[in-house]
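The hints should help you fit chain B with the ligands onto chain A, whose structure is shown.
Given next are the chains, with one letter for each unit.
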Amino acid sequence: MLQMRNVAKRYGATVALENVNLDVKAGEVMALLGENGAGKSTLVKILAGLEQPDSGAIAIGGKPHNIGSPAQARAAGISYVAQELSIVGTLSVAENVFLGDQTVGLLRSPSSLARRAKPFLARIGLGDIDPSLPAEAFSVAERQLMEIARLLSREARIAILDEPTAALSEVEIDRVKTAVRTLAEEGCAIIYVTHRLGEVFELSHRVTIIRNGHSFAPVATSSLQVDGLIEMMLGRRLEQMFPPRAPSVGDKLLVVEDCLCQGLSSPVSFILRKGEMLGLAGQVGSGATAILKVLAGLTPLYRGSITLDGRPFTPRVIRDSIKMGVAYCSDDRKRDGVFAVRNLVENLSAPVIDQVSRFGLMNRRAETTHTQAVAQQFNIDINGLGRLAGNLSGGNQQKVALGKWIGISPSLLIVEEPTRGVDVGARAEIYRHLRAQTARGLAILFASSDTHEVLGLADTIGTFFQGEMVQIGSADAMTAEIITRDVTHPAVAA
Amino acid sequence: MTSIAIARKSIGRRTWRFASLAAVATIVIIAVVAGLTTPAFLTVGNGLVIIRAASMTGIVAIGMSYVTLSGNLFALSASALGALLAVIFALVTAQTDLPAGIAVVLVGAVLAGVLQGVAVNLTGNPIIATLAFGAVFRGLASVLSGNGVLRIHNTAAAWIGTARPLGVPTQSWTFVFLAAVSWLVIRKARLGRQIILSGANREAAVASGLRVNIVTCLALVMLSVGVAIVAIFTVAQFSEARSNLFSGYDFDYIAAVLVGGIALRGGQGTPLQAALGAVLIALLENFMLLNNVSGGLLMTVVGTVVVGAISVFHLLQGKNR
Ligand SMILES: Nc1ncnc2c1ncn2[C@@H]1O[C@H](COP(=O)(O)OP(=O)(O)OP(=O)(O)O)[C@@H](O)[C@H]1O
Ligand SMILES: [Mg+2]
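First to last, the protein sequences are chains A and B.
Taking the working numbering, the leading residue of the first sequence gets 1, the next gets one more, and so forth.
Taking the working numbering, the leading residue of the second sequence gets 495, the next gets one more, and so forth.
Pulled out of the complex, with its shape left as it was, chain B reads as follows:
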């Protein structure tokens, strides 16, 4: 008889805490390496660039995490919706004033969320449904903008887009605030619990009397509101909107969620992890840009990080099924 080797330790439910720790650790490592090797990295100006970029990706990623946590994988329409809302914001603000622009965009976002939610419930396939909506949104954006650049001249908007209370951009204040709120929503709010349970086991959620369809709609509404906030900030910062805004950003949002270690199947994790994931990706991208890494290589590296992260989490998860 032979002794069987000691088995690998079961990680258990600490996996998710581990995921956040891993993200934080990676962020620190990248920052240290970048700081040591790339002088431009540690400048105040660059710090602001990173924080802003992370904030904008992060706000949408937080919204996206609700969709993932609720068991609906991802919405592939976020970037297109952002463009549409940006165009609408620019049009309305230019015609009337800033409050009206913000109000219309928020109403539009809620509407877009509900519509997509209904479509996801009807088709049962969030990927296909949101992909189609993405095309619609992008198309509408280009129709409404006449394929041109819409400019706004609004000092209040410009302040929102460029101000730095206490030296930190408004975008980042918002990001931190929303991250805190998102944590509260998932941990303390009834809606958060409903999202988590719906994602953990859809059938059991229905059997327990949860209105899973409504939960799906609300998750998409929260994502859309996040997108609206980013759209407003972007137009405010640059004082213009185009129909091709945010093109190709969907991958970043999704990557943030995945690198943060949120379970693809839903029901496990918190939006904070997506926020951390966004910071990580922003750092990585900035570091490579400063080192003149080409766009193609950049995509390859980010993609590889995502694949690596998912694989690691999958392995860990397999251990405590």
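Just chain A, same shape as in the assembly:
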């Protein structure tokens, strides 16, 4: 169905792809794997007409094809879900579903557009939402699903999904998987980029790995083992994904009592100790992230009390929490995590401008020292600190968005999706670094849609379902099954 031969692409001095081949058959799901910055997105952007290769050839259905623009890609039957969200917040959900679709006239009435969007949204589990609402009213995960609804509406021969599940939790991932399987059964050729290796085994027929700008010959998924796959991706063995849990934790740091806020239907209480990692698991809209937003100063507390280190803690704006030593990293790095048009030094020093300046002047040396230290802790190439953040691969942007907060030496770090889009190797690194920070007394409160991440990383786990905390307890007593059950049908447990 699709063949790419000897594709090469460089950005200035950076070689993104040196020599890459890709073959995808009709009805097949081809997993495209590789480390952060391996060039996966670049490769699929070439197919989507968003980038032009420096050399190489593309053939579709045996015939050579030149894909000069997104419109030509669409005409060739290629549809594409980008790694970074491309939902336009001010447009309605339905308009987003049909965005860029010339066959749907712009003059169509909103109601008929909504009606036409419904079935596609329903296929991806968004059947309950009102398609005429503006898209910005929805969470990152829901917007991600809208992207997939857009893909479904295109009826393509070749479908490309670039990390479609990075921001999703299990239940939504299942919907995506079902949608992808159906597409494949209908004869569509599918290229599926992901860092979640579980999906690779469940979904894909074959795997193509890119490393250092070169592709390996495709391998049948059934002949692969997880360890072997990781070794092929990283070029080395991964000794240990998750660091050992904290042997002991310190004094109480954060005490949340009977707190009610937007997104919660019943109050939550919990205690977070110094050196402890508390992981919250829950689907979209379950309220797992609700209290995080209050602690960050983004949404108000309706009821209840919060103390930090024994003192009342009621931030009204983000600045308040930062001043109290609380760092918050959201799950939408494109929106508020990185300054895409500025370099990494400026990105990493943004929260500490006051510390790295004196008498109103920036202290370059202090800034460099600071950013290099942060970069080292988060495996960011310190020789590349002059690069623009927007030119980094998605996973590397995530490291920047998260890493800059270590720089303020917080006492509490709040993270939504700590490793969204980060490759396995780098993820293990980030986990190790976060653990190293907690060993020094940092407390971490994170929400993650990845059950394994919550289970592997946290000392204490809280599960959420429909605005309520189902249970909270030591991670030792939890299993993946319990978490999955809690966040889907806790009633069964009761």
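If you're looking for bench data, these hints aren't it; they were derived computationally from the structure.
Computed from a predicted structure; not experimentally measured.
By construction, the Cβ of each residue, glycine as well, lies at the ideal position given by its N, Cα and C atoms.
Hints are not guaranteed to be accurate.
Claimed, not checked - Computed footprint of chain B on chain A; a stretch qualifies when at least three of its residues, placed anywhere within it, have a C-beta under 8 Å from a C-beta of chain B:
(1) 321-331
(2) 356-368
What the hints assert, rightly or not - Taking CB as the label site, the calculated pair distances span:
(3) A:Lys63 / B:Gly742: 57 to 63 Å
(4) B:Thr798 / A:Asp101: 53 to 59 Å
(5) A:Pro110 / B:Asn641: 50 to 56 Å
Just chain B with the ligands, lined up with the frame of chain A:
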């Protein structure tokens, strides 16, 4: 299978350096062409005219660039504020003395900047907010001046307006000085960094704990101070002030910023580019005036240059998003 043509090279972050180079190159080209074709262009007298004009536009454009860089597009009130401050300067100087006039105008400028900043933050729309303020300023100027010409007789002021230390007008010394300072502010000062980050991504700036609202106010204050300086120079040079001073100059200020290649979205570029843009536009306008090009055609040409510059920068930028 067919080979796909070699793609256009990605320009990357060199775009902005390229923008400055392009501006300098254009300036040289215009100067050479003008020098060869228009004898009057190369005279000392005309040189002074150009330098003065460029300096006055440039000082405001430097201020304007802070507003643009901070992510607030443009202030459309600069010319009106200039008229108001000129009128105030003339009134106070005539009543008391020069230092008092300068002091009052500077205080007024800071006040105007803060007020506009607050309005921009409240409305979230710099264009509308400053447009409204422009009307207020122009109205106040005409009320205060009684729609007449205010004259001052002050030798110190006249010196400021017309002196040429080392053969270069005071205006131009100030322009060069402010351009250097502006570069330092953006590159070295904390405020400059805050301006750049606020413009690069407002949400991320807020999330990083920056006080974006205050940064907006300060950017507008810096613009207002630039406007005040130009107002003082203008009144000092001609020894008079009118409420219709600087009418229609807003376009020149904005054009200077755009032709200099400062990103409209903010967060990329330096005030020096606006300064270069001002020189370029002053040259172009002078060249056409000497060749008796009509006012209408002049506007058309300058407008076309602006559109062309923005389009080129936009294309370059699209390549390295
Ligand atoms: N516009 C650009 N300008 C310069 N370099 C770029 C640009 N886009 C990508 N790169 C570089 O090309 C390389 C490949 O990036 P790409 O986004 O394809 O990686 P990826 O495999 O998708 O990684 P991830 O898993 O993190 O999403 C990286 O080194 C990246 O920094
Ligand atoms: Mg990618």
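Quick check: do three or more residues in the segment 356-368 of chain A have a beta carbon closer than 8 Å to a beta carbon of chain B? Three-residue rule met by the segment 356-368 of chain A, so holds; n is 4.
Do Lys63 (chain A) and Gly742 (chain B) keep their Cβ atoms within the hinted range of 57 to 63 Å? holds, 59 Å
Holds or violated: the 50 to 56 Å window for the beta-carbon distance between Pro110 (chain A) and Asn641 (chain B)? holds, 52 Å
Taking 8 Å as the C-beta cutoff, is the stated coverage of the segment 321-331 of chain A by chain B satisfied by three or more residues? holds (count 4)
Tell me if the beta carbons of Thr798 (chain B) and Asp101 (chain A) are separated by a distance inside 53 to 59 Å. violated, 36 Å
The earlier numbered hint that this structure contradicts is number 4, and it is the only one.
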